Amino acid sequence: MITLSGVGMRFGAHVLFDQATWQLHPGAHYGLVGANGTGKSTLLKLMAGQLPPDSGAISRPNGLRLGMLPQDQTRFDSVSLLDAVLMGKPHLWDALHEKEQLLAHGVHAGTDDAAGHRLAELESVIADNGGYAAEAAAAALLSGLGLSEERHRRPMGELSGGFRLRVLLAQTLFLEPELLLLDEPTNHLDLPSIRWLENYLRAFPGTFVLVSHDRHFLNAVCTDIADVDYQELRLYPGNYDAFAAAKALAQAQKETEIERLEEKIAETQKFIERFRAKATKARQAQSRKKQLERIELPEIRRSSRRWPSFQFTPQRPSGRDVVTLTGIAKAFQGRAVLGGVNVTVERGEKMAVIGPNGVGKSTLLKIVAGVLPPDSGTVKLGYEAHLGYFAQDHQELLKGSGSAYDWLMGGSPSAEIGTVRGTLGRVLFTGDDALKRLSTLSGGESARLLLAALMLRHDNLLVLDEPTNHLDLEGREALMHALRDYAGTLIVVSHDRHFVSSVATRILSLGAGTMEDFVGRYEDYLAQQGADWLDAATRPARLPSTGAGAPAAGPSTSAQAFTDRKERRREEARLRKAVERLEARVARLEAALAETDRRFAAPEYFQATAWAQVQEEQAARREQEEQLQAAIAEWEAAAQALESMQQAS
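Every number in the working numbering is 325 more than the matching position in the sequence shown, counting from 1.
Think of the hints as simulated: they come from the structure by calculation, not from any bench. Any given hint might turn out to be false.
The calculated lysine-lysine pairs, modelled on DSSO-like cross-linking and capped at a C-alpha distance of 30 Å, are [claimed, not checked]: (1) Lys655 x Lys675; (2) Lys615 x Lys595; (3) Lys614 x Lys589; (4) Lys761 x Lys724; (5) Lys655 x Lys705; (6) Lys705 x Lys691; (7) Lys589 x Lys615; (8) Lys675 x Lys691; (9) Lys655 x Lys691; (10) Lys705 x Lys675; (11) Lys572 x Lys370; (12) Lys589 x Lys572; (13) Lys761 x Lys370; (14) Lys595 x Lys614; (15) Lys691 x Lys724.
Predicted model only: the values in this text are computed from it and were never measured.
Let the sequences and hints guide you as you build the complete structure.
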């Protein structure tokens with residue numbers, strides 16, 4: 326597998342990372358994280374051999390089957406989706422193509438000429454590369470990524486950029502690489518496709534390194550996290566949550582050590598000042614001075630991670646009914662996208678609109694925002710409702726030769742210069758960054774600038790279409806907290822489950838010609854389904870409600886009632902003891918897991934520990950984690966049973 330030894334990379338005077346050392350191990354599933362601009366995508370290109378490092382060396386085994394998304398999206402425009410995926414295995418594709426040409430010229434295996442022999446060779450190549458099941462495998466990949474079967478034989482050039490990326494992802498997976506490099510693979514996927522990719526990557530037998538800003542996705546698929554920060558690369562065992570805890574702990578330990586050393590320095594300095602002039606203590610004072618000179622404070626480098634500070638404050642509250650949709654319908658080129666949508670959103674609700682791509686989520690938000698007219702139906706904004714809209718496709722809004730400051734100032738003519746400057750600073754446009762030209766802004770910078778404009782508007786209704794798409798993990802977390810604290814009303818489309826789970830208080834689920842309106846959080850919505858709706862294969866069919874109540878219980882004797890009460894009390898006591906016992910077990914397992922994480926977070930742990938021992942301890946940690954999750958599940962079941970029994974009595 327690939328090994329990085331002392332690799333360094335810079336752009337001009339800006340150092341991305343220096344002395345990066347990384348041994349990729351077979352079967353490991355790595356998440357590569359770090360702030361925007363720290364070199365994560367560059368690191369993937371270095372591993373793929375697309376860029377040379379400025380310093381150090383990268384070794385790759387000969388014949389390593391490496392998969393990475395192609396850069397040229399238009400290269401396959403003239404071929405069908407299925408053929409584009411099959412091209413992921415060049416040897417197989419060439420053999421299939423040549424066989425097709427030979428057969429078109431009337432050659433068959435029974436001939437004894439050179440062409441017949443060549444056909445036999447091609448049949449062997451096709452068989453060795455799984456060619457007879459290749460088309461079915463390619464179709465399964467396309468369907469899993471949300472491309473319907475009727476599209477599979479259509480030209481790829483008919484697809485939008487997001488769906489082209491899905492085909493290229495399917496092509497990369499079709500290669501069945503030993504090492505898979507993925508840069509933001511979930512960016513253009515809807516929730517069902519993300520769930521499918523999660524399951525695929527969890528079962529992936531090879532090694533992969535993926536860059537993602539989706540915390541839930543990283544937790545679901547990664548066994549290790551590689552962190553690019555402080556201009557260095559550091560590895561952490563476990564998923565993203567384990568990494569975040571370990572990193573925070575290591576930072577806290579270093580800060581505690583510095584505080585302790587600073588206190589020791591201050592005490593030693595006081596001793597020296599106090600007894601320097603006394604003959605009886607002069608020798609001790611001189612000794613303390615030498616000790617003081619030997620104390621070295623450990624360096625704490627500044628992290629490259631930066632957290633924006635979003636805050637949305639309505640100028641005034643709206644009426645109770647903020648927006649009412651009645652009979653909303655919309656079609657494009659004769660194809661119905663929305664039909665008969667009837668929804669009333671009340672003040673303070675935070676509604677997430679979810680569903681597969683193509684069911685009209687963005688269309689619905691555009692209709693609410695007045696960007697698109699409905700074909701039929703009405704949109705009514707309530708009393709004093711003031712709407713702010715964030716478009717998924719927002720590059721059109723940021724065209725021109727002006728700077729970020731000019732654009733924000735022009736869109737907020739009544740705002741004071743200090744307010745605009747302060748708002749830019751809160752979304753990380755500090756100093757000269759505020760003078761960046763709009764044409765040079767990255768996707769994340771553009772998103773933060775548009776959110777800054779919404780902050781200055783003080784609307785009481787925010788309509789946000791995929792606001793987290795280009796934000797890094799820190800930006801997503803900051804936006805999530807700001808929207809949770811927002812006192813107004815929110816309608817948002819997002820494919821980030823961590824974001825939806827944290828923010829939404831109401832779920833509007835759109836399907837192909839269907840709509841489900843659920844008041845409650847996303848986990849409650851999933852619990853009502855009996856299974857995650859993203860996994861249709863495990864979703865139980867819902868039984869229609871008959872409206873009939875349960876049959877009345879027959880009369881019982883007082884003796885029987887006494888026996889039943891006694892049995893209920895006995896069962897309730899048993900459940901209470903079980904809950905207490907499981908709570909104690911969960912606490913013990915959490916403490917043991919924390920102790921393991923503290924060991925992993927110790928300075929130089931990975932350098933000082935043999936890899937075999939690291940693997941053993943990682944396996945032990947995974948077992949601890951599994952035991953903890955099992956204990957939590959058992960505790961939840963017992964607690965729920967106890968609560969149900971107490972409510973029934």
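A quick look at each hint next to the structure:
no.: 1; hint: Lys655 x Lys675; result: holds, 24 Å
no.: 2; hint: Lys615 x Lys595; result: holds, 14 Å
no.: 3; hint: Lys614 x Lys589; result: holds, 12 Å
no.: 4; hint: Lys761 x Lys724; result: holds, 13 Å
no.: 5; hint: Lys655 x Lys705; result: holds, 17 Å
no.: 6; hint: Lys705 x Lys691; result: holds, 14 Å
no.: 7; hint: Lys589 x Lys615; result: holds, 13 Å
no.: 8; hint: Lys675 x Lys691; result: holds, 17 Å
no.: 9; hint: Lys655 x Lys691; result: holds, 11 Å
no.: 10; hint: Lys705 x Lys675; result: holds, 18 Å
no.: 11; hint: Lys572 x Lys370; result: holds, 26 Å
no.: 12; hint: Lys589 x Lys572; result: holds, 26 Å
no.: 13; hint: Lys761 x Lys370; result: holds, 27 Å
no.: 14; hint: Lys595 x Lys614; result: holds, 11 Å
no.: 15; hint: Lys691 x Lys724; result: holds, 20 Å
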